[in-house]
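A.B. asks: Generate the whole structure from the sequences, applying the supplied hints.
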Amino acid sequence: MAIKRGADLIVEALEEYGTEQVVGFIGHTSHFVADAFSKSHLGKRVINPATELGGAWMVNGYNYVKDRSAAVGAWHCVGNLLLHAAMQEARTGRIPAVHIGLNSDGRLAGRSEAAQQVPWQSFTPIARSTQRVERLDKVGEAIHEAFRVAEGHPAGPAYVDIPFDLTADQIDDKALVPRGATRAKSVLHAPNEDVREAAAQLVAAKNPVILAGGGVARSGGSEALLKLAEMVGVPVVTTSTGAGVFPETHALAMGSAGFCGWKSANDMMAAADFVLVLGSRLSDWGIAQGYITKMPKFVHVDTDPAVLGTFYFPLLSVVADAKTFMEQLIEVLPGTSGFKAVRYQERENFRQATEFRAAWDGWVREQESGDGMPASMFRAMAEVRKVQRPEDIIVTDIGNHTLPMFGGAILQRPRRLVTSMAEGILGCGFPMALGAQLAEPNSRVFLGTGDGALYYHFNEFRVAVEHKLPVITMVFTNESYGANWTLMNHQFGQNNWTEFMNPDWVGIAKAFGAYGESVRETGDIAGALQRAIDSGKPALIEIPVSKTQGLASDPVGGVGPNLLLKGREIPVDTGGSMYPGENLLHLKS
Numbered sequence: 001m002a003i004k005r006g007a008d009l010i011v012e013a014l015e016e017y018g019t020e021q022v023v024g025f026i027g028h029t030s031h032f033v034a035d036a037f038s039k040s041h042l043g044k045r046v047i048n049p050a051t052e053l054g055g056a057w058m059v060n061g062y063n064y065v066k067d068r069s070a071a072v073g074a075w076h077c078v079g080n081l082l083l084h085a086a087m088q089e090a091r092t093g094r095i096p097a098v099h100i101g102l103n104s105d106g107r108l109a110g111r112s113e114a115a116q117q118v119p120w121q122s123f124t125p126i127a128r129s130t131q132r133v134e135r136l137d138k139v140g141e142a143i144h145e146a147f148r149v150a151e152g153h154p155a156g157p158a159y160v161d162i163p164f165d166l167t168a169d170q171i172d173d174k175a176l177v178p179r180g181a182t183r184a185k186s187v188l189h190a191p192n193e194d195v196r197e198a199a200a201q202l203v204a205a206k207n208p209v210i211l212a213g214g215g216v217a218r219s220g221g222s223e224a225l226l227k228l229a230e231m232v233g234v235p236v237v238t239t240s241t242g243a244g245v246f247p248e249t250h251a252l253a254m255g256s257a258g259f260c261g262w263k264s265a266n267d268m269m270a271a272a273d274f275v276l277v278l279g280s281r282l283s284d285w286g287i288a289q290g291y292i293t294k295m296p297k298f299v300h301v302d303t304d305p306a307v308l309g310t311f312y313f314p315l316l317s318v319v320a321d322a323k324t325f326m327e328q329l330i331e332v333l334p335g336t337s338g339f340k341a342v343r344y345q346e347r348e349n350f351r352q353a354t355e356f357r358a359a360w361d362g363w364v365r366e367q368e369s370g371d372g373m374p375a376s377m378f379r380a381m382a383e384v385r386k387v388q389r390p391e392d393i394i395v396t397d398i399g400n401h402t403l404p405m406f407g408g409a410i411l412q413r414p415r416r417l418v419t420s421m422a423e424g425i426l427g428c429g430f431p432m433a434l435g436a437q438l439a440e441p442n443s444r445v446f447l448g449t450g451d452g453a454l455y456y457h458f459n460e461f462r463v464a465v466e467h468k469l470p471v472i473t474m475v476f477t478n479e480s481y482g483a484n485w486t487l488m489n490h491q492f493g494q495n496n497w498t499e500f501m502n503p504d505w506v507g508i509a510k511a512f513g514a515y516g517e518s519v520r521e522t523g524d525i526a527g528a529l530q531r532a533i534d535s536g537k538p539a540l541i542e543i544p545v546s547k548t549q550g551l552a553s554d555p556v557g558g559v560g561p562n563l564l565l566k567g568r569e570i571p572v573d574t575g576g577s578m579y580p581g582e583n584l585l586h587l588k589s
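In the UniProt record's numbering, the protein residues as written are 1 to 589.
Keep in mind that a hint or two might mislead.
Result set (EDC-like, lysine to aspartate or glutamate): computed pairs, CA atoms no more than 20 Å apart in a straight line [said to hold, decoys possible]:
#1 468 - 521
#2 138 - 169
#3 227 - 371
#4 468 - 355
#5 44 - 16
#6 386 - 521
#7 468 - 20
#8 206 - 230
#9 44 - 12
#10 227 - 331
#11 206 - 67
#12 66 - 391
#13 39 - 15
#14 340 - 141
#15 66 - 392
#16 4 - 173
#17 386 - 371
#18 174 - 141
#19 39 - 173
#20 468 - 534
#21 294 - 273
#22 44 - 20
#23 66 - 20
#24 66 - 15
#25 297 - 173
#26 44 - 15
Pairwise CB distance ranges, derived in the manner of DEER restraints [unchecked claim]:
#27 494 - 304: 54 to 62 Å
#28 230 - 180: 15 to 23 Å
#29 230 - 337: 16 to 24 Å
#30 309 - 271: 54 to 62 Å
#31 193 - 462: 52 to 60 Å
#32 191 - 110: 46 to 54 Å
Everything labelled a hint here was simulated from the structure, so no lab data went into it.
For each residue, glycine too, the CB sits at the ideal point set by N, CA and C.
C.D. replies: So, in C-alpha cells, the structure goes:
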C-alpha cells in the first residue's frame with residue numbers, strides 16, 4: 001500500500017483539474033507543498049513572485065485570458081493577508097481563481113496568541129466560497145469544490161484554507177481525489193415568452209442598442225453576436241470586459257462605454273430608446289459605480305440572477321447565458337411582427353451610428369497626430385497598432401493612461417484587453433501583464449502604465465527576467481497621479497497628495513536585466529517599440545507625458561459620463577420613480 005502526504009494530495013487534485021500554472025510563495029507552512037510540486041510535472045510551471053499581492057494579480061491576468069482557473073495560487077500563512085485586493089477584483093470582475101492558503105499548525109487554531117494564525121474567515125465576504133480543511137482525507141474533495149465554485153456562474157475566487165500539519169501528515173493512496181472532473185458549459189435557455197418579448201422590443205425600438213458584456217465572451221458568443229447585430233442592424237456597445245467580443249473594425253461597432261470608454265459608445269447609449277443587455281452586471285466603469293449613465297428601457301440577460309435589477313430597473317430580467325439567448329433570439333426574430341430583412345446599412349439608425357463613430361475616430365486621430373513632447377498617449381497607442389497582431393494583448397493600469405489605452409486599442413477578439421475592470425485598483429497592470437504573457441507565451445503583451453502605478457509592483461521585473469517574459473511596458477511619466485492632479489485642481493484649485501519624484505526607471509529595468517529605453521522624441525516611439533520586440537527581453541520604454549491628457553470625466557474635458565463630484569441631494573428617492581442614483585448626480589440633459 002502506497003503512502004501519500006497531504007501535500008501530494010493537493011498537487012494531485014490540482015493536476016486532475018488541468019492546472020497549468022502555479023504561483024506560490026515560500027514559508028514554513030508551504031515547505032511540503034513546494035517539495036510536492038517539485039516532484040510533479042507542475043514543478044516547471046511554478047512562479048515565485050516578489051510579493052503575494054503581485055502573485056495574486058498574476059493569477060488574475062492568467063485566468064482572465066484563459067477564462068478558467070488555469071493558474072492557482074498557493075500561499076504561506078501570513079502572506080494570505082496580502083491577497084484581498086486582487087481577490088476582490090476577481091470577485092467583482094468574475095475572474096475564476098482558486099487559492100490554496102497554507103495556514104499555521106491546525107492544533108493552534110482558536111488560540112488568539114498563537115503566532116501567524118491567519119483568519120481565513122476574512123475571505124468569506126470576498127471569495128465565492130471559503131473552506132477550512134480539518135481532515136486529511138477531505139483535501140481532494142475541498143479542492144474539487146473550490147474549482148466547481150470558481151468556474152461556476154458567476155465565476156470568481158474560491159479559497160481553501162489548509163493547516164500545514166495536514167500537508168506533512170500521511171495517508172494511504174486510497175484517499176479520495178475526485179476523478180474525471182468535467183467543465184461542461186452551462187447552457188441556460190431563456191423561457192420562450194421572454195425571448196419573444198425581447199424580440200418584440202428590439203424590433204419596435206427606433207434607436208436600439210446591444211450592450212455586450214463579459215458574459216458574451218465567456219459563453220463563446222462572438223459569432224452569434226455578429227449574426228444578431230447584422231440581422232437586426234443594431235449598433236453594438238460593449239462593457240470593458242466585453243471589449244473585443246464584437247470586432248471593433250465593424251461598421252456597427254461603437255466601442256466600449258464608460259468613463260474610459262469611447263465617446264461613440266457613450267453617445268450611442270445616451271441616444272438609445274431601448275438596450276438589449278447581454279452578459280453584464282451593469283457595473284463596469286461608466287455603467288454604474290461613481291460614473292453614471294441613464295438607461296432607457298432595457299432587457300437584461302445574465303446567468304447570475306443576483307445581478308438582475310440590482311442597480312438599474314429592467315423592463316424584463318432573463319436568466320440565460322448570452323450565446324444561447326442570442327441563438328434563441330435569432331430563431332424567433334423572422335416571425336416577429338414588424339421585422340424586416342433589410343441590410344443594416346439601409347436601416348434608419350445606421351446613419352446616426354456612423355456619425356457617432358466617425359466623430360470619435362476623428363477625435364482619436366487628432367490626439368494621435370501631435371509630434372510634440374510631452375508625448376500624446378494616443379500617439380503611443382497608434383505606434384503600438386503598427387506592430388500589434390490580432391492575437392496580441394493590451395494591458396493597462398489605472399490612471400490617465402487608461403482612456404488612451406482603451407480608445408487606442410482596436411480589438412477584433414475578446415479577452416485581448418486586460419486591467420482591473422471591476423474595481424479600478426491602482427498598480428494592477430504589471431503583474432497582470434506577466435500573468436497574461438504566461439497564459440499566452442506566443443502573444444505579444446503591451447502594457448501601458450503610469451509612473452505612480454508602476455511603483456506598486458516594479459519589483460516583479462525579477463519574475464519577468466527569470467522566466468523570460470517579454471512584456472513590453474510603456475511607462476508614461478509625469479511625476480504625478482495625473483487624473484487626481486487634474487480633478488484636485490478643478491475642484492479645489494490645488495493638487496494636494498498628487499505629486500512625487502521618480503527614480504531612473506530605465507536604469508532600474510536594466511539593473512534587473514531587462515531592456516530599457518527612454519523616448520525623447522515622439523517620432524521615435526515606434527522605433528523604441530520595435531527595438532524592444534527585437535531584444536526578446538522584458539522591456540521598459542519610458543515616455544514623458546503631460547499631467548492632464550487622458551482624463552475622461554466631464555466637465556473637465558473628457559469623453560465619459562459625469563463623475564460624481566458634488567454631494568448628495570436630499571430627499572433621496574424612496575419611491576423607485578427615478579433611475580438608481582439619478583437624484584444623486586448632476587447629469588447633463
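A.B. asks: Any of the earlier hints contradicted here, and which numbers?
C.D. replies: Numbers 1, 3, 4, 11, 14, 25, 27, 28, 30 - these are the hints that the structure violates, sorted from lowest upward.
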